[in-house]
Amino acid sequence: MRFTLFGLLALFSVNLFAAECSQSVPGNFSKVGETRLSVYFWDVYDATLFSPSGNYEKNERQALLLEYLRDIKAKDLIETTEEEWQKLELDREKHKDWLAQLDSIWPNIEEGDCLLLVEDEEGSAEFYQGEKLLGTIKDKEFTEQFLAIWLSENSRFRSERNELIGEK
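Positions -18 to -1, 1 to 150 (mature numbering (1 follows the signal peptide of the UniProt record, and there is no 0)) are the ones given, in order, by the sequence shown.
Don't read these hints as lab results, they were simulated from the structure.
Accuracy of the hints is not assured; some may be wrong.
[Said to hold, decoys possible] Subject to a maximum C-alpha distance of 20 Å in a straight line, what follows is the list of computed EDC-like cross-link-like pairs (lysine to aspartate or glutamate):
1) 76 to 66
2) 114 to 92
3) 13 to 126
4) 78 to 126
5) 120 to 149
6) 69 to 79
7) 122 to 79
8) 78 to 66
9) 78 to 103
Please put together the full structure from these sequences, using the hints given.
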């Protein structure tokens, strides 16, 4: 009986985290796709992509929700962002400045935490944790390069990318 009760409580708490994480997704956005990123045998996060149309269109605003399944230090997230940009061979002119901005915005992540990027009307990247706005990077090029980590055709995680943009 205890195991069943514990299982229900665990499921309920996961659903609370998921509900809290998606609260900052604009109400006029719909889910495009979702995926789970696992590296080797570790589940890292669940990712969900949203857009106003509910489809992936490069010229349409996007919102990317990452729900973390393990603890990750902010500095590790920033280093990974830089590594992924290098693998994508993106223009590196502004990376140092952007990474410094991320360092001032992103917290350390604990299992169950989420980060949400919402692209605003001007193309700026607004980062949320639950309903809390962590900060904004006002550079359309940043938003494009950051989202390219997941959405580029050259993304390292091709099958996860395809699930995220709604292709199976």
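Consistency of the hints with the structure:
Taking the CA atoms of residue 76 and residue 66, the gap is near 15 Å; set against the 20 Å cutoff, the hint holds. With a CA separation close to 16 Å, the supplied pair residue 114 and residue 92 stays within the 20 Å bound. Proposed proximity of residue 13 and residue 126 is supported: the alpha carbons are some 19 Å apart, at most 20 Å. Distance hint between residue 78 and residue 126 is fulfilled; the C-alpha atoms sit about 16 Å from each other, no more than 20 Å.
A C-alpha spacing of about 30 Å is found between residue 120 and residue 149, which places the hinted pair above 20 Å, so the restraint is violated. A threshold of 20 Å between alpha carbons decides the hint, and for residue 69 with residue 79 the separation of about 19 Å falls inside it, so the pair holds. Proposed proximity of residue 122 and residue 79 is supported: the alpha carbons are some 14 Å apart, at most 20 Å. As the CA atoms of residue 78 and residue 66 are separated by approximately 14 Å, the hinted pair is consistent with the 20 Å bound.
Restraint check: the Cα-Cα separation between residue 78 and residue 103 comes to about 25 Å, which exceeds 20 Å; the hinted pair is violated.
The structure fails to meet hints 5, 9 from the earlier list, while all remaining hints are met.
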